[in-house]
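S.K.: Chains A and B supply the protein sequences, listed in that same order.
In terms of my numbering, the first sequence has 95 at position 95, counting the first letter as 1, and numbering is strictly consecutive.
In terms of my numbering, the second sequence has 176 at position 176, counting the first letter as 1, and numbering is strictly consecutive.
Think of the hints as simulated: they come from the structure by calculation, not from any bench.
Just to be clear, a hint being listed does not mean it is correct.
Stated by the list, open to error - Facing chain A, according to a computed beta carbon distance under 8 Å, are these residues of chain B, among others:
#, residue
1, N358
2, L359
3, D501
4, W532
All C-beta atoms in this analysis are idealised placements derived from N, C-alpha and C, irrespective of residue type, glycine included.
Protein chains: 2
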Amino acid sequence: MEHLKKLPFTAVEVCGGFWANRQKLNREATIWAVRDRFEDTGRFAALDFENVPGLHFFWDSDVAKWLESAAYIVAKTPDEALQAELDSAVDKIEAHQDPNGYYNIYHTVIEPDNRFKNRDHHELYCLGHLIEAAVAIFEATGSDKLIIVLDRYIDYVIDRFCVRGDTGFRTPGHEEIELALYKLNAVKPDEKYTKLAKFFLDHRHEDTLPADHWCNDKYYQSHLPVRRQHTAEGHSVRANYLYSGMADEAAAENDEEMFEACKALFDDMALKKAYVTGGMGSSHMGEAFTVAYDLPNDTAYAETCASIAAAMFANRMKDLDPDSKYADLVETEMYNGILSGVSLDGKSFFYENPLEINLSDHGRHVSVRGDDRLPITERKEVFDCSCCPPNLTRFIASIGDYMVSYDDERIFLHQYIDGEAVVNGALITLETAYPSSGLVHLNVAGGKGKTLYLRIPGWCERFTLNAPYEMKRGYAAVALTSDVVELELSFEMKVRFVTADPRVRHTAGKVAVAYGPLVYCAEGKDNAAMLWDLALDTKCEPDAVYADYFGAPEITLKAFAHDENDVRALYLPLKRDEKQKTVAVRLIPYYAFANRGASDMRVWFRYR
Amino acid sequence: MEHLKKLPFTAVEVCGGFWANRQKLNREATIWAVRDRFEDTGRFAALDFENVPGLHFFWDSDVAKWLESAAYIVAKTPDEALQAELDSAVDKIEAHQDPNGYYNIYHTVIEPDNRFKNRDHHELYCLGHLIEAAVAIFEATGSDKLIIVLDRYIDYVIDRFCVRGDTGFRTPGHEEIELALYKLNAVKPDEKYTKLAKFFLDHRHEDTLPADHWCNDKYYQSHLPVRRQHTAEGHSVRANYLYSGMADEAAAENDEEMFEACKALFDDMALKKAYVTGGMGSSHMGEAFTVAYDLPNDTAYAETCASIAAAMFANRMKDLDPDSKYADLVETEMYNGILSGVSLDGKSFFYENPLEINLSDHGRHVSVRGDDRLPITERKEVFDCSCCPPNLTRFIASIGDYMVSYDDERIFLHQYIDGEAVVNGALITLETAYPSSGLVHLNVAGGKGKTLYLRIPGWCERFTLNAPYEMKRGYAAVALTSDVVELELSFEMKVRFVTADPRVRHTAGKVAVAYGPLVYCAEGKDNAAMLWDLALDTKCEPDAVYADYFGAPEITLKAFAHDENDVRALYLPLKRDEKQKTVAVRLIPYYAFANRGASDMRVWFRYR
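Just chain A, same shape as in the assembly (with noise of 0.2 Å):
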């Protein structure tokens, strides 16, 4: 195992290009979208411990990402009416505070003498959202106020669960706590920190269900010990949550079987269980990984929490094991899974992602009430469980996270985001229109001596580096030999055509389009043809020329398509020769479908 150091997104400046323009949607536009409708649905009036209707005990963590959104925000923009938002929220959490420690509304208000008592009601998960926001509101104004709280909070829990032992479970339904513990530690070095995480990892397995339950042990991650867990398994928002966990432990513990662990969790997850557009997570029946190359593209869930918390896990994975394969499925997050959650304005959500919407299945019942279960066609602005839209809040302002770690020899750059990062002494700068683009211009100042990991992608099959370097594990390696180094990198951009694994039954036969990372999709808005009717000609030259509504290229290519006037019968003879019609196929990257209504819409094609 290796040890990287993260570089935090404080130390990293977004400058310009495709990312900057997404954080000044999500300053400008998103954050406040998220918190309006948290206000219309009594979220922000819950904090005064007021019995709103609808009170849900897992509105504490939705309330929590966007105060972490918001801290991640003002670090970088100083915003009154977020810093004032915060402090208000900061002060109430502490103004209600039980004297013992305790906070959760709904265990306050509504149920609170069943504190602790329900593994499913997320007191554990909603205070590690209230961690992660703790950390980030330090990190962004020094201010350690919502961290004492949270310490007297943690006081509590380890009484209860690791000296007491009185609670009806020993580990937390919905993960996310034990990466927080991870977190706070790394601000706030404690060791009881640590080891809290460590008990409800090491326990995890200990909390098992009856026999007659609507879930099993997998559903929560307990089916085995966790260093004996090498399957993606249950929830896939949960899993992430605690494969992120879980690295960290593997981290500060130099723990070798959870390091391997860990791996054979990505791996299983990457090369059997991950839609091309990173969406993890093939049913909405528990929001759950089924089985190996079960990814059916239209009633996919691909929730957009779990594609965040996969993105969280690959992220730490990248520092413990310098293979590219993690910053790529990084990308693939960020690019696809991730960023289709959000609109194009950036004030309406996704909480499933599917891979393809064919509208009439939709009211295909004619003659009784009631439609199949399919993703919703359009995005809302906010759901019951509004779990994903603070998760993108977040993700968004803190995209730096995910660009740089180090050591004392080495810098590895994992995304190419246009910007400045400090790491370790070196001054890195990035320029490019990545992923528009495949041209990465690198100054790194202050470096000589290191070497520089460059991420070459797994899309990409060619590109140029203006330097001598050794390819390891997917990086390419640059001894950086002066004090300043330019460098220019450049991928090659096309358009590719990708195929998945035979053993994905809903692909066989057809192929995704994909730009660099961005994977793209057909809408019926854009194209007359039936899109399943479309075979496209991967023989031709297709063109990608950027949109500014897209922020992106679209794509222009031929393809195959049945003329349906022609058609006389329902079932008739193959015709091998028959000519078909070509068709001009336009093609949005997919984080852009249902921008502009619902749409038919499809990522896999035929070809020929």
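Start from chain A and add chain B according to the hints.
M.R.: Okay, now just chain B, sitting in the frame of chain A:
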């Protein structure tokens, strides 16, 4: 509208070949298997008006269809045991008839106060099947005892529905009685029967539902006056029984408006809503038709009864509108969608007939309880709603019904069944191994001066006939110029690849394999490769070799398949020049799937 006359199966002898084998199995195994399961489940005990556990308001119809089947069998093959069953059942029905004429076990034993109050309680549907049984018994044995019993019941129905109008609904929730009344009128002509049938047809749209009901009026084919219904809607069995009654009415009343509706309904169904197997009804929700071209394979409902009902409707239409498309659909149903409903040993049944089974979709939810709603993968001996098994027994026993029709000048041969038919003074002898062979020997004695119409199946691209003929709407019309005419008709039998209308999303880019009227499928049992990965080599020369086990040829052809051991990643660049291995694929008749245990199964394949 034309008015060809039906030649009942009683005038047809099935002598050998495919259907003689099927009738033998039906007579020796199936009829008794169904009886035994009906006995086990209390359906026969209920004839004594005992409160049997599970007693259901449609049990009368299950037993009635069994009695009808038994009558068809004894009409051809006297059988004391079956005859005793018939006599006993008729005696019991007579003994338990209400003094006012009413007869329904459930609504006498369990809910006597709720007679004719609930449109969904199938009393008139049960009466319809009892009438069909009574007619069959009369035709088989000459006994009109049950007809006399039911005539009293019909009088009571007329009094309640047409005279007093004091019932809770005006027309049956589940149609059937309409066609049954026309059938009764054919053997015991009485205007009151046809008037009652017409009453139910004419008033059908007047029974409407509240807006918040679980289904709407389309489910019951009550959304429009029947003569204005031009699209097949709602519960697929009910629909086709209704359409059969409508066709009967059109013929009886020379009702052109009804005839036009029937033609439109048939075309909508056959050209937009029928599976390649003849399966009808794309969804289990409402067991209903959905929208045009919506034909998912793995979730297909395609109820056996719906295929039987569609064959009944088509069989009526062929006599009003002598176009081969009607008998073509009957043929598709006979050899595929209906026949798949019964196992090769004759003892177990499918209610639903999917066109694709992926066993891995069963139990994919490894962390939660519950499964996706999918058809069962193996036949069962009896169902709670066991309408299909006795519908199969009556269909097979009366297969001769579908063979011939005629008028004074013409004899139509619709189905190629090895046998003899006496039709309007002529004796037709037909020798054939159809559908294993395309060769049909015909001898027509006593038909001089008439014209023999031989259906040229829609699937047949080439045929030879050793006599002059003129094509008329899909029939080869041969003038019978001498007292005895010997004909040799030969349909080119070869393995065919069939495509679907490109508007059918679920079959885009795929072919089905057929041989004569038989649709084929691959089972995982016979094929080592992943079925979804197979791309059939449509240039190969397939083998079709008769297999005794299936009673029809099995097919071997070549396909391209991936070698899963070659795969290195979940997503890879398309290799256009990739060399795929070729594998031999074994295909078996669709009707024979799932006879050797649960298995993956597939009808539609990619191809090259």
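S.K.: Look at each hint and say if it fits the structure.
M.R.: Do the hints match the structure? See the list:
Because the beta carbon of N358 (chain B) sits about 6 Å from the nearest beta carbon in chain A, less than 8 Å, this interface hint is met. At about 11 Å, the closest approach between the beta carbon of L359 (chain B) and any beta carbon in chain A exceeds 8 Å, and the interface hint on this residue is violated. With a cut of 8 Å, the hint placing D501 (chain B) at the interface with chain A holds, because the nearest CB-to-CB distance is about 5 Å. Restraint check, W532 (chain B) versus chain A: the minimum CB separation of about 4 Å is within 8 Å; hint holds.
Violation of the numbered hints given earlier is confined to hint 2; every other hint is satisfied by the structure.
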